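Chemist: Sequence:
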Amino acid sequence: MSDAEKVYRILAIDGGGMKGLFPASFLATIEDSIGDSVSNYFDLIVGTSTGGIIALGLGAGLPAGEIADFYESIGPPVFGKPRNRLARIFASKYQSKPLRTALESVIGAKKLGDSKARLVIPSVDLDTGEVYIYKTAHLDRFERDHKVSMIDVALAATAAPSYFPAHSREDGVLLVDGGVWANNPVGLAAVEAVGVLGWEPERVRILSLGCTRVALDAGKARRLSGLLAWGQSLTIINVIFAAQSSASIGTAQHLVGHQNVMRIDPVVPAGRYDLDKTTEVRALRALGASQAREALPGLRPAFFAMGHVEPFQPYRMLEPASAP
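So that you can map any letter, position 165 of the sequence shown is 165 in our numbering, and since no number is skipped, the others follow by simple counting.
Just to be clear, a hint being listed does not mean it is correct.
[Unchecked claim] Ranges between beta-carbon positions, derived for each pair:
hint	residue 1	residue 2	range
1	GLU202	SER105	41 to 51 Å
2	GLU202	LEU139	18 to 28 Å
3	GLU200	GLU66	30 to 40 Å
4	GLU319	VAL239	22 to 32 Å
5	PRO266	GLU310	14 to 24 Å
6	SER168	GLY257	18 to 28 Å
7	ALA242	GLY195	24 to 34 Å
Simulated from the structure, these hints should not be mistaken for laboratory data. All figures in this text were calculated on a predicted structure; none of them were measured in a lab. Ideal Cβ positions, reconstructed from N, Cα and C, are used throughout, including at glycine.
Model the full structure from these sequences, guided by the hints.
Modeler: Next up, the structure:
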């Protein structure tokens, strides 16, 4: 493909805890269909929270099917033993050590600089509220993150308030889940592509994968506007995430064109899946597979028919490990 015909392809993956099995299964089914790793077909991968784990896995060279297997396996170890109600007054619902152990089993000691793809993964500084975005060295001025371990990036990206403890960076700064700011990172992806990397908007194509969503039901909140009505129905949480996602999609569409943003995020029954629900993994994996089979004919021309993207060449290289 000549420079005049070049198209930049981006994958953006939402946060959603255990529901990350949906996009992982979606991508695994795509890989089975095309007989190749999906990471070879994207110039940039952006992931929030659980989407950051998937992005890191793809950057580390893992097949999407192995990432989906990882999600199926982590349920009981990571989410199986929540702290009791009294303890949760003072501490997070879950401990981070089981998640760290699970991540180490698949990612090992890899650093962000080992990624085979450009990655962007957001987190938030707990003390200042400022956004802290982990990035591979895909520009010369990006000198900060390539030596950070992928495990530390993942733990910072997924430190969802009340679910997991904040993650301490090497300098002591406490970071929490990027979903606090951008649970749907498609807008961040478009800004990185157009505003940071300087890619021409009309040449950008974005595949945006959600982790399923529920239809909003604000009936009770409309009738009773107090905290009890909002809290019992979780309406306020759903509205916040839906509004953020809508704004993020709108930003991306404004920057690169409505027709260049493809969104996959099926509506599911309320309560069927949840951030830490581990009993529906088979159904969730099956849903991801069926959605991929349905979507692939439309996605193939925009993302998979043009062959591999150019190999990622970072500006900052890791020093080779010294011999023992």
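Chemist: How does the Cβ-Cβ distance of GLU319 and VAL239 compare with 22 to 32 Å: does it lie in that range?
Modeler: violated, 48 Å
Chemist: In this structure, is the beta-carbon distance linking ALA242 and GLY195 contained in 24 to 34 Å?
Modeler: At 25 Å between Cβs, range holds.
Chemist: For the pair GLU202 and LEU139, does the Cβ-Cβ distance stay inside 18 to 28 Å?
Modeler: holds, 22 Å
Chemist: Take the C-beta atom of SER168 and the C-beta atom of GLY257, compute their distance, and say whether it sits inside 18 to 28 Å.
Modeler: violated, 41 Å
Chemist: Taking the CB of GLU200 and the CB of GLU66, does the distance hold inside 30 to 40 Å?
Modeler: holds, 35 Å
Chemist: Verify the CB-CB distance for GLU202 and SER105 against the hinted window 41 to 51 Å.
Modeler: holds, 42 Å
Chemist: Can the suggested window of 14 to 24 Å be confirmed for the beta-carbon pair PRO266 and GLU310?
Modeler: violated, 32 Å
When held up to the earlier numbered hints, the structure conflicts with 4, 5 and 6 and fits the remainder.
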